[in-house]
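With the hints as constraints, model all of the structure from the sequences given.
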Amino acid sequence: MASFDAPSIVLSRKGYADSFTLARYLETGGYVALRKALTMFPEDVAAEVDAASLLGRGGAGFPAGRKWSMLRKSPVSYLVVNGDESEPATFKDHFLVERDPHQLVEGVIIAAYALQVNQAFIYMRGEFALGLERVQQALNDAYEQGMLGRKILGSSFSIDVVVHPGAGAYICGEETALIEGLEGKRGFPRIKPPFFPAVSGLYGEPTVVNNVETMSNLPWIVNNGGAAFAALGGGRSTGTRLFALGGRVKNPGVYEIEMVKNTFRDLIYDPRLGGGILNDRKIKCFIPGGVSAPWFGPELLDLPLGQDEVAEKGSMLGSGSIVVMDEDTCVVRAAWRITKFFSRESCGQCTPCREGSGWLERVLYRLEHGGGRTEDFDLLLDLCDNIAPGLTWPPQQTTICVLGSSIPSSINSALTMFRDDFAAHVKNGGCTHE
Amino acid sequence: MSHFRQDIRQRADELVALYPRSRSAMLPLLHLAQEQDGYLSDEGIAEVAELTDTSAADVRGTASFYDMFHLEPVGKYVVGVCTNIACLLAGGEEMLEHASVTLGCAVGATSEDGLFTLEESECLAGCDVAPCVQVNHRYVRSTTPEEFDTLIDDLRRGRLDSDVPAHGTLIRVRRSGGLRAPRAEVAEQRTEAKAARDARAAKEEKK
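As given, the protein sequences belong to chains H and X, one line each in that order. Counted the way the working numbering counts, the first sequence spans residues 84 to 517. Counted the way the working numbering counts, the second sequence spans residues 22 to 228.
Just so you know, these hints were derived from the structure itself, not from any lab.
Mimicking DSSO-like on lysine-lysine, the simulated pairs with C-alpha atoms at most 30 Å apart in a straight line are:
(1) K215/X <-> K150/H
(2) K227/X <-> K156/H
(3) K228/X <-> K150/H
(4) K224/X <-> K234/H
(5) K228/X <-> K156/H
(6) K97/X <-> K268/H
(7) K119/H <-> K215/X
(8) K224/X <-> K156/H
(9) K227/X <-> K150/H
Right, here's the structure in full:
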């Protein structure tokens, strides 16, 4: 049975139709944390976040507190919030920016104060037209209330926040590509090292990049203390987390549940969560953390929803999006569509990714639509091996960023788990699913 | 002579002032150029180049990287149907095919009356209402062929004008005012804050 013992941290206003308004936000404890933070020393605010052990909610799962402490020695110039949510099947930040923009804004101001940054940018996916409007309105409200701008709320701290619309590019979710987009350029990921924008970020200056959900957790952490957050969850995976559940389930949606205390089975089958498989069919497999992640079979349904727990089994919790495929799903088509996505979104800088993704997509296309050959199986794996040598997890990299090394995940999973399905496609001259 | 209308030009100048470097305003300025012209015209590109201290080639080179920027005219409504994994499992491909029939144009093309441009979208982060459809980057409820046809009919009759502005208009909420933290004062604040923090750290170390 799913555990619902943990409080709701980022979705506490979910039940209100006007959850996005300043009035509702103030009435439900909004901006109390900011006032509290401003009475503390900035480093003490940062220490609370460190104590919370809040893992970044973007996909890589790097501890937010440690990201900040890398900058303790040298002052940070900019705070950039990554709201370019584009990992297929991930839709949690979409929910947060539309439904609780003030919570995000408050989190951003708290982070800026802790880091003593005076200018922050919220880089938001361009396709979030309503989200962009809601966040801009929240910023306007915050300025009017004196919570943004010069010497906020009578303190000696000044902060400006600018919302920056993206323009349709998956790769801009990669933090160095995002910074390029913020500098007005093509979204090409930067060569590493330097590995972190903390060393060289926007305009080559020290920059902190944090995800929308990560920011949205900060008001609660300041109000309740880092220890209270760290008491939730288990192991390195503390607190609650948003899971975006999609695919062949009865109730797709965004759910906030405690990490580790719940399993994939709880999320997918509990009637208050996913509600089980559509038409009560059997589950075939599921993707545990966005399409960059290797797939899991039903035997791993009882695995706890924790970062290390999933990593140990050879995949990742990634962006927190779970896609369920049932016994009627064609896995060849699924792998083809995911690969087509990577092919479209490859930025084109690195040969293995640019050429490999298109080639893989064409091979999978012919398997799905007729014309596939048995030799194609080895060809697929060989091409994947050229992008991520050894097909290990975590993958080896031959490219500037991890988009390339994410391409083999679905192909390798589908071929390894369901080779018979591929063989049937060859035998039947294509897909026989409806 | 500005190609931008007076109000658009004013907003463009305000946008540039929000960033430490003018080129950073590139993406929002390109959205603004599309708001005026519906797509990126040569004149719009030239003006963005002037505003960002770059060349028209720089602007075009940047714009062509991003899916939301159109270098050719598009319809008043850009209809995006997602066929990525979650939508695929909910009939996204069939929805795209149906959309193509209803609108009478191929994917990537514009309908004969010039009103609709159809696109196959990558994941739009709307997987709970799959298959997900957006019009001008606004979520519209259309998960069945019938709902899609009603949606198109409503758009044709102007019933959704208040929810879905013409293509190009992305953010209708204007920013109220520019930056408020004066740069010189902020620099002073930063120095003071750092000195205070270093003093606290030194005191802590002594203990």
